[in-house]
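Same order as they appear, the protein sequences are chains A and B.
Numbering follows numbering that gives the first Met the number 0, with no gaps: position 312 of the first sequence is 311.
Numbering follows numbering that gives the first Met the number 0, with no gaps: position 52 of the second sequence is 51.
Incorrect hints may appear among the rest.
Said to hold, decoys possible - Chain B is faced by these chain A residues, among others (derived, beta-carbon under 8 Å): (1) 319; (2) 320; (3) 321; (4) 322; (5) 330; (6) 336; (7) 340; (8) 341; (9) 346; (10) 347; (11) 356.
As the list claims (entries may be wrong) - Not close to chain B: a few residues of chain A, all C-beta gaps over 10 Å, as computed: (12) 19; (13) 31; (14) 67; (15) 98; (16) 148; (17) 187; (18) 252; (19) 348; (20) 357; (21) 371; (22) 373.
To be verified - Each computed DSS-like pair below joins lysine-lysine, with the alpha-carbon atoms no more than 25 Å apart: (23) B:13 / B:53; (24) A:354 / B:17; (25) A:332 / B:185; (26) B:215 / A:332; (27) A:313 / A:227; (28) A:213 / A:313; (29) B:53 / A:354; (30) B:111 / A:345; (31) A:345 / B:17.
Quick caveat, the hints were computed from the structure, so don't treat them as lab data.
Cβ atoms here follow ideal geometry from the backbone N, Cα and C, with glycine treated the same way.
Chain by chain, the residues:
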Amino acid sequence: MQNNLISKNFNHSFLNSESLTEEREKAFLNLKTIGLPNKRVENWKYTDLTSITKGLEFKPGKVDIEILNKDRKGLVVADFEYFIKNKDQYSKPTNYLKDEGVVYLNLSYASDARVIEIRESQSEPIVIKITAKGPGVTFPRLKIDIFPNVEAEVCFVYNGGEGFVNQLTEIHLGKDSGLNLYRVNESSSIHSETFLSYLNLNANLSMVNLSMPKNKSRFQVYNIFLDKHSSTDFKSISIPSNSCHDDFLIQNNHISSNCKSNVGMRAILDKGVICSFQALIDIESNILSSKAEQDCKAILLHKEASMNAKPEMKIFNDDVVCKHGTTIGSLDKDQIFYLKSRGLDKKSSENLLLKGIVKNYIPNNSLLNNFLPKAYQ
Amino acid sequence: MSNNFLNIKSLSVKVDDKLIINNLSLSIGRGEVHAIMGPNGSGKSTLSNVLAGKDGYTIVNGAIDFSGEDLISLEPNERANKGIFLAFQYPVEIPGVTNINFIKTALESNRKYRGLEPIKPGEFLKLIKEKSKILGIPEDRLKRQLNVGFSGGEKKRNEALQLLMLEPSLAILDETDSGLDVDAFKIVADTINSTRNKDNSMLVITHYQRLLERIKPDIVHIFVDGSIVESGGPELANEVESDGYERFGDAK
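Pulled out of the complex, with its shape left as it was, chain A reads as follows (with noise of 0.2 Å):
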C-alpha cells in the first residue's frame, strides 16, 4: 500500500502550489519514481518514514517561521517569493542529493520559506523559530547565505506540532566565511530535516544541535566542501523524551582538497528511546590533505534503550588524515566509584557525570545553556 503523501495525484490547489509548477511537478515525479524512504534504503536504515506517515492524513498543516530582529543591518530577509525570481536555487539541492524522496517531496510541496542573506557581520544572533501548529503537514524551506568574508551566530529553534514537517534548510558560506550554528529541536511533530552546507574557500561552519525530540526525529546533514581550506564542526547532543526516536545522520563530502571536517555526538537515552547516529567521511581520489573526525558517545540509562551507531568512511587516498570512534554502554563504573569515593552518593554521581557530557559540548556561556533541562544547566 502506498503512503497517502504520494498516492494522491499532485494537487495545484495545495498552497501556492501554482508558482513553480515546473520544478514541483518535475521533483513530484522523482518522488513517485523513488518513493519514501522506509528500512530498505541504507541511510534510512534506522527510521522508518514510509511507515512513521503511513496513517497520517495528507493536508495542510501551519508553521510558523519567525526571525527575531530581522530589521538588523546588514540582513535582508525574503520569503518564498524569492524561489519565484530565482528558479535556479528552487531545485539546487537535488544537484547533491540526486536519490533522497524527502526532498523531492519538499519541492513538491513547499510553501512557506524564508530566506536570509548576511551581508555584514553580525555582533548579535540571529534566532528563527520554526513552530509548527497542530496536526497537517508541512515543508518548511530555509536558505541561508553568508556573504563573503562575514561572520555569524545563528540559532534555529524548533517546537510544536502534532503532524509531520519536512524541511529542507540550505546554507550557503561565501569565500572566508564563518558561521556558528545552533539548532534547538523540542519539535513534537514528527520532524525530518535535510540540510545542506555549501562551503567556498577558507569557509567554516560550526555547529551544536541539542535534540530533544517529543516525537519522531531525523536530522540529515551534508556538508560539501566546494573549495580548499573549508572546514566544518559538528557538535550534537541528544536528549528525546522517553519512548521517542531521533536519527542523526551526516555526511561530509570531502570533494576539494585541505578541507576538514569534524563531527561528535553525545546520546543520553532513557526508556524506550530509539537513537542513531550514521556518519560519513567521503574522501574521493584526487582529493588531497583532509583531515575528518568523528565519534559518538552514547550512555543508556534503561534497558529499553537503544543506539544504532554507524560510522563510515569512503577513502580513496592515502593523504588524510582520519580517525573515528564509537561507545554505547553505561556510565563509566570507575568514574562513579571516584566521585562516590569523595562522599557523592550514586545518583549524584550519575547526574554529575551526565551534566560532565552535556557541559563538554555545551558549557554554561553557550547560548544552548538555556534550553537544557534543569538538571544539565
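Based on the hints, put chain B in the right spot on chain A.
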C-alpha cells in the same frame, strides 16, 4: 572495644576466584601513620580499594571496623562522608566537570552528611585558593575539567588538594609519590604531612622509602602475597630500600 580507629580482622578478599588478600589483620589507632610496603602484585592497592568500598572484590572472610562501625556494610560515599579518603594511584578523568565544581560538590556533600551548613561561595573560593597555593596549583587548573589532560604529577597534586579540602580522619595514600618530580614530591609529601594531628590517621602505601622520610610512619608493614609478613619501625623501610623484599619471601 580497643582504642583503635581502624580494625581489620582476619580479612580475606578474592577477585575472580583468586585470593588477593589473605587473612589480613591490621589495627590503626587515632593519630597514627602506618605505611605498607610490598612488591608489585602483593595486594596493596586491593586493600586500599576494599577500604574505600570499590565493587568487584569479594570479601570471603573477616571484618573491618571503622570508628566503631562495620565498614563493609557502608557504601563508598558513606565511608567518604564518615572520614575515609582514598588518594588514588590513577585518578580518573571526568570530562565536562570542572575541578572546582567537583571539589565544591564533594565538600557540600560531606558537610551535608555531617549536618553542617553549606559553605558560602566566597568562603569556599578563598579556602580552595589558599590550599591550591600551598600545593603550587595554579588557579586556572581549578577551572579545567577534572583530571582531563593533567600530567601524572598534576593529578597527584589534585588528589592532595582534595585531601586538604575534605580533611578526612583516615587518609589512604595509594602510591601518591609515583609520577611526581622531585620538587612536586617534596611539596605534596610535606603538605600531606602537615595535615597530621592527634585525631587523623594515615595509611601510606608506597614503594619508596623517600616518601617515608617526609611522612614519618609510626609503623611500617611489609606486605607479601596479601598479608603482612613483618611489622616494625621506620628502619624496616630502610632495609627494604637497600635489600629489597627477598628476605620477606618475595624473590622477584
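Straight-line alpha-carbon gap residue 354 (chain A) to residue 17 (chain B), limit 25 Å: 37 Å, violated
Status of the stated non-contact between residue 357 (chain A) and chain B (beta carbon gap over 10 Å): 7 Å, violated
Consistency of the no-contact label for residue 31 (chain A), given chain B and a CB cut of 10 Å: 48 Å, holds
Holds or violated: the hint that residue 330 (chain A) contacts chain B, with Cβ atoms closer than 8 Å. Check failed: Cβ of residue 330 (chain A) comes no nearer than 11 Å to chain B, outside 8 Å.
Would you check whether the claim that residue 67 (chain A) is not at the interface survives, using Cβ distances to chain B and the 10 Å cut-off? Given that every Cβ of chain B is farther than 10 Å from that of residue 67 (chain A), nearest at about 30 Å, it holds.
With a cut-off of 25 Å on the C-alpha distance, tell me whether residue 111 (chain B) and residue 345 (chain A) pass. Holds, because 16 Å separates the two Cα atoms, which is no more than 25 Å.
For the restraint on residue 340 (chain A), tell me whether the closest CB of chain B is nearer than 8 Å. 5 Å, holds
Please work out if residue 215 (chain B) and residue 332 (chain A) have their alpha carbons no farther apart than 25 Å. Violated, at about 34 Å.
Residue 373 (chain A): least C-beta distance to chain B exceeds 10 Å? 16 Å, holds
Beyond 10 Å from every chain B Cβ - status for residue 371 (chain A): Holds, because the least Cβ-Cβ distance between residue 371 (chain A) and chain B comes to about 12 Å, which exceeds 10 Å.
Can we keep the residue 336 (chain A) interface hint, with Cβ of chain B closer than 8 Å? Residue 336 (chain A) check passes; min Cβ-Cβ to chain B is 5 Å, inside 8 Å.
Taken at face value, is the distance from the CA of residue 185 (chain B) to the CA of residue 332 (chain A) at most 25 Å? Cα-Cα ~33 Å, so violated.
Hints 1, 2, 3, 4, 5, 9, 19, 20, 24, 25, 26, 28, 31 from the list above are not met by this structure, while the remaining hints are.
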